[in-house]
Amino acid sequence: MTTQTAKKPRYLADSPRFLAGLFMSPTIIYIVALVGFPFALAIIYAFTDITTGDPSLEFVGLDTIKAVWNDTVFRRALGNTFWFAVISNLFVVILATGLAELLTRDFKGKWFVRFLVLLPWVAPVSLATLTWLWTLDSVFSPIDWLLRQVGLIDQNMYWLGRPSLAFISVVAVQVWRIAPLAAVIVMAGMMAIPKDVHDAVEVDGAGPWRRLFEINIPLLAPIIAVAVLFGVILSMADMSVIYVLTRGGPTHRTQVLSTWAYFKGIEGGALGQGAAVALFLFPVLVGLTAVILRLARRREVL
Amino acid sequence: MALLEVRGLRKEFGDVVAVDGVDIKSEEGEFLVLLGPSGCGKTTLLRMIAGLEHPTEGQILLGGEDVTDLPPRARQIAMVFQSYALYPHMTVARNIAFPLKAQGVDGPERDEKVKWAAGLFGIEHLLHRRPRQLSGGERQRVALARAIVREPSVFLLDEPLSNLDAKLRAAARDDLMGFQRRIGITSVYVTHDQVEAMGMGDRIAVMRDGKIRQMGTPEEVYHHPADTFVAQFIGSPPMNLLDWGDYILGFRPEHFLPEGVQDGGDRVPFDFFVNRIEYLGSERYLYGFIPGHEETKVIAMLPATVTVPLEEQRQHRFSVASDQLRFFDKDGGQKIPPQTIQA
Ligand SMILES: Nc1ncnc2c1ncn2[C@@H]1O[C@H](COP(=O)(O)OP(=O)(O)OP(=O)(O)O)[C@@H](O)[C@H]1O
Ligand SMILES: [Mg+2]
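Residue numbers (the working numbering), protein chains in the order written: chain A, 1 to 302; chain B, 1 to 343.
Derived from the structure by calculation, the hints contain no laboratory data.
A hint or two may mislead.
Said to hold, decoys possible - Chain A stretches covered by chain B per the calculated footprint, using a threshold of three residues with CB under 8 Å from any CB of chain B:
no.: 1; region: 190–200
no.: 2; region: 204–210
no.: 3; region: 213–221
Stated by the list, open to error - Label-pair ranges, simulated between beta-carbon atoms:
no.: 4; chain 1: B; residue 1: 71; chain 2: A; residue 2: 291; range: 36 to 42 Å
no.: 5; chain 1: B; residue 1: 38; chain 2: A; residue 2: 106; range: 53 to 59 Å
no.: 6; chain 1: A; residue 1: 22; chain 2: B; residue 2: 278; range: 57 to 63 Å
Using N, Cα and C, we set each Cβ at its ideal position, and we do this for glycine too.
With the sequences and hints as input, model every part of the structure.
Shown next as structure tokens:
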């Protein structure tokens, strides 16, 4: 037999296995070095009593985790994290759907408005949040000034100084920060709805509300869900807004798990406890990610 | 008073003039077909009538009332789209009920009407399915039912059969005609298929480059085309057109017969050099030219009942009844009165 049934690739570059390995390697190295390694370290730390003052690894079993769990600040942060994510994303959905609905309409200057909407997303988060820090300043807040001029308030509001007001403020800034991303995701979904369908809606005599609630929202539900999940993950894992605005205060009213992990572990030096706090989020984030992936796959083909 | 009237309608998209001064008057119950090549502005015209596109100029009247500035929902018009545009997340029943809901028709009355519309198109058994669980033909019926359910005064159809295969198309055409006759609803039907247009239209408006070139019954546009474009666009194979000195001479392939097949009447003889013969069972196509006009291909179409022996690569004696000859202006190609002809 001289004929070959399965031909061997002649060059290394023809081998799918070699190419697959080659092209995957940067991603794999990146993930292992920047995600996998710190993550493994965090898990190890959570079972030790390591601090910056005493960086020896002594395993203490569940002691560190128990200590973290019994901390009242941790309990508050856990609740805050939940409400922070839920409330801000509730507003994000409404805002994003509204914006997407508006921005897919034809009007003059559409591109400029789209650009403005995206701006909070492209601006560096710390810079943007610093602007908010000034906007909500206890003495110089322009919002206070405006309200005083209109005659709605006599004294300053202390936006970030009063517990409930501080919570409302960080939620508002968080909404401002993630709504553009959600709006763009929903907008992309909206534009994927065939033009004929929207024309049919018009000819069939439906008004804008019926179009929104009976056509667009049901058709976009999977996309909106993806946008929400991104928003929730971002609200739980990213601490920049709260860190810059309130540092978790006043009286831990805006303390969330991500900030608490940072203050405990990095600023407070209790590396083990910080790692344990951060790990509490892990199962939640994994669950949410799994839901996203499922939704993305289930997205109905129009 | 015409039920649907369009006056001097014009639509520009930037530099493109999609519709260029169209006038239409359609009577109650008429089936009007807009026929023309791709890109001639049929869809744009239809969308303006529906209210989905605002005309650059001109007026649209429904039952004598100017609706040019009214949104689609304020016009009593239904439209069937080429893609059917069914709502993918709704069942067939909810699809059909949607226009009724939008009109505020509720409860048993709505169910009644949905059943009635589904019954018209024989799709009662599909009511609980979703569009993606339907075949192309079934989707088309759902689209028709959804359009008809609120009993509009005008029914617009944009190439509703073009997504169906040939066999289904013939059946659907038949259904659609039967339905239109029964309901007697004024319809405007867009197509670029001249066979469809000839078979379905009470009247045909032949369009080109945004203008209506001719409007008339199928007989009129077929036998008395207003210009050379209509003459060539309608009929398959198209009308033979020959440069005949001061004018253009035209005759249909089926009127171009061998000498002796048809006697009597006033006939004009031609020599016909036959290049090639095609047998198609029910008829024979002869391709060739008339000596002295070698540059123009001429086609003769003989029914199978004509059994005169004819040979390829030979000159034969043919003739056309003189009342079947058509004459067109050399520049512009407009129809002109009959001329005396020396063959
Ligand atoms: N929204 C639009 N913007 C710009 N040009 C357009 C638009 N809609 C249509 N046109 C142009 O107007 C002309 C007429 O288009 P239209 O869709 O009415 O043609 P049609 O007769 O329906 O063709 P077809 O048989 O291919 O569907 C075309 O040249 C097209 O490119
Ligand atoms: Mg079209």
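Hints and how they fare:
1. 190–200: Coverage by chain B holds for the region 190–200 of chain A (5 residues, Cβ < 8 Å).
2. 204–210: Check passed, 5 qualifying residues.
3. 213–221: holds (count 4)
4. 71(B) with 291(A): 36 to 42 Å: holds (40 Å)
5. 38(B) with 106(A): 53 to 59 Å: For residue 106(A) against residue 38(B), whose Cβ atoms are near 25 Å apart, the range 53 to 59 Å is violated.
6. 22(A) with 278(B): 57 to 63 Å: holds (60 Å)
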